[in-house]
Amino acid sequence: MRRCCFFIISFFNFYIAVMLMTACSHIDEADRLIFVKSGPSVRCVLLEDFTGQRCVNCPRGAEVIEQLQEKYGDSTFIAVGIHGGPLAFKGNDKLMGLATDFGDEYFNHWNLEYQPVGLVNRHGAVNYTDWAATVKGELERPATLTIKAEADIMGDKVDIRLTMLGTDGTTSGKLQIWLLEDGIKAMQLMPNGTANSDYVHNHVLRTPVNGIWGEDFTIKEAEIKTTHHTQILDPAWNTANLSIVAFVYNDQGVQQACKGKVNM
Amino acid sequence: MTTTVMAQDSDTFQFVDQSGNMVANGSTVTLSDLKEDLFLGNYISSGLSVKNTSATTARVRMVYDITTLDNGTFQICFPVNCMSRFETGAYTTTADNMSGGEQRDLQCEWFPTAYGVCKAQLSLEIMNAFNQKTADGPAVTLVFNYADPTDINVNVNINPAVANVYNLQGQSTSTSTGLRIVRLTNGKTLKLFTK
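Protein chains in written order, with the working numbering: chain A, 1 to 264; chain B, 1 to 195.
Just so you know, the hints here were simulated from the structure itself, not pulled from any lab data.
Hints may be right or wrong, so weigh each one.
[As the list claims (entries may be wrong)] Reference excerpt, derived from the structure (chain A facing chain B, CB under 7 Å, subset only):
#	residue
1	V56
2	K94
3	L95
4	G193
5	T194
6	N196
7	W213
[As the list claims (entries may be wrong)] Dumping the calculated DSS-like pairs for lysine-lysine here, alpha-carbon to alpha-carbon at most 30 Å:
#	chain 1	residue 1	chain 2	residue 2
8	A	K261	A	K90
9	A	K94	A	K136
10	B	K51	B	K119
11	A	K261	A	K225
12	A	K71	A	K174
13	B	K35	B	K133
14	A	K90	B	K119
15	A	K94	B	K35
16	A	K261	A	K174
17	B	K119	A	K185
18	A	K148	A	K174
19	B	K35	A	K90
Just so we're clear, the structure is a prediction, and the values are computed from it rather than from any experiment.
Ideal placement from N, C-alpha and C gives every residue a C-beta, glycine not left out.
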């Protein structure tokens, strides 16, 4: 299984080197440790699955995601279920709905016309029948930064820490952080037309942590950046099943993504 | 100048109603049975499927032209995706293979938000592996009608004919006075009393 979030050993070696450099200003410039590229960073692939509880074909899309996660691992192939658009269900006093206003905003922003449909690293809409080939192609592209995500539950909040390392040139765009939940049992319309009240919805986008479109972000080669965010927990969320997805995107799509479990 | 005439193939794929009956090419199907569902909302279903009547795999897509949409959403989930439309217009689905004998539900429904009508023509197109159309398949016109059952104008507009008249014993009768039960061609029954 490929691990693309972060090269922990090389990063911390570099971090120690930086600390040594700043602590010992009398060392001759020629003798100082410098950042050495270790080859292109491995890219994680983000799939934004625009799904809906009233979409009969959406469980077929979920099956494709399961196959891709099995093949690449869920930290390399990162799927996020966004319940938005006309087939998403906002719920009522009897049935739980997973649709959200921000899900609709994402759906409308990307001018999506059908479901299930996905954005693979934000390079345009891809029908679920083409996800496997698109993901494979995207995994072969090098990345310009690495991201490490750590998150812990602290009382009624999630404490989120990200560490980014620029590995090739300067990367500018937006840093987006999302909170996901797995294992949500809720109604789903199935391909045979029946409604399944015990359907398990995974990697459901519960909330954007730092705004719907994230925050400005720039990192230079060899630069290390850390961020710290907190997210108030909703009592409806199962804290045992939460995870964080962080990614940097710009007009050329998602440049890197990372997924981390929220620790209890 | 060369004109290409597209072949007609109304046999490979057929529209099938919810009773399993083939729907003839060019038919108009009128639907008015509103279902109220806590999960799905209020909708009128077409109940239609598409069947590959051949013994081999064939590729198909659909062109659907929504000509009237008084309100609400027209939805179709065929052959691989679900689409919801809020405006009239002609739209084309993606194509997909259907194996020989396979039948696939269209999940074609109208979700009205008020009384009104939704009309759409569904046309199948037979495709090749390169997603090029090779022949026109069958077409049907759907008329979804969500009418106020208490509105007398509805019956006037539909103008159903009298299918049969029965007396209180359930026997067919031709009398035009007294209490009768009248069955109309639209399936409704009325009690009539004439002095």
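Hints versus structure:
1. V56: holds, 5 Å
2. K94: holds, 6 Å
3. L95: Where the cut-off is 7 Å and the nearest Cβ of chain B is about 6 Å from A:L95, the hint holds.
4. G193: Nearest chain B Cβ about 5 Å off; hint holds.
5. T194: violated, 11 Å
6. N196: The hint is violated - A:N196 has no Cβ within 7 Å of chain B, the shortest such distance being about 11 Å.
7. W213: With Cβ-Cβ at 25 Å, over 7 Å, it is violated.
8. A:K261 to A:K90: holds, 26 Å
9. A:K94 to A:K136: Violated. A:K94 to A:K136 sits at ~41 Å, over the 30 Å cutoff.
10. B:K51 to B:K119: Given that 30 Å is the threshold and the Cα spacing comes to 22 Å, the pair holds.
11. A:K261 to A:K225: holds, 20 Å
12. A:K71 to A:K174: holds, 29 Å
13. B:K35 to B:K133: Outside the cut-off at roughly 36 Å; violated.
14. A:K90 to B:K119: It holds: about 28 Å lies between the C-alpha atoms, which stays within 30 Å.
15. A:K94 to B:K35: holds, 18 Å
16. A:K261 to A:K174: Given pair A:K261, A:K174 holds - Cα atoms ~22 Å apart, limit 30 Å.
17. B:K119 to A:K185: Answer violated: B:K119 to A:K185 is near 37 Å, above 30 Å.
18. A:K148 to A:K174: holds, 16 Å
19. B:K35 to A:K90: holds, 19 Å
Of the numbered hints given earlier, the model fails hints 5, 6, 7, 9, 13, 17; all others are met.
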